[in-house]
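*Asks:* Sequence:
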Amino acid sequence: MTAETTALLALETQRCNALMEGDRAALAALLRDDLVHVHMNGKADDLATYLDGVGGRYRFHNIRRSDMVVRVIGDCAVMTGVLDQELEILATGERRRMHGFVTQTWHREGEGWRQGTCHVAPLTYQPAS
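When the letters of the sequence shown are read in order and numbered with the numbering used here, they come out as residues 1 to 129.
All clues given are correct.
Cβ-Cβ distance ranges computed for the label pairs, FRET-style:
1) T5 - F101: 12 to 22 Å
2) T92 - D34: 26 to 36 Å
3) K43 - T6: 29 to 39 Å
Derived from the structure by calculation, the hints contain no laboratory data. Computed from a prediction, not measured in an experiment: that's the story for all the values here. Positions of the beta carbon are idealized from the N, C-alpha and C atoms, including for glycine.
Construct the complete structure from the given sequences, taking the supplied hints into account.
*Replies:* Here you go:
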């Protein structure tokens, strides 16, 4: 594993932790201003609407990433892998378990990386029991 791959996987861990902690500032520091985040249901958010959802509409209880593959291509990296998460819809209290496949782009900015795109495709989607 290269140093870049290790660094990118660590950033993804930080992103997941920021989601679970509802830490919008930490999350914003990892994301590009022109972020496009496509959720499992096909809804697309920009940076502002994505951050509004964190802690405002959703609470993330568990996030686990697996089978991660990182390909660095110049100043861009493509990260793919499996996502298992449980979240709560705050308006209703409903909890959902999600199992999906994620494709992300990360862009080198100076000495670091920031995520520009995240697209989640469902593998399974069901209410938590």
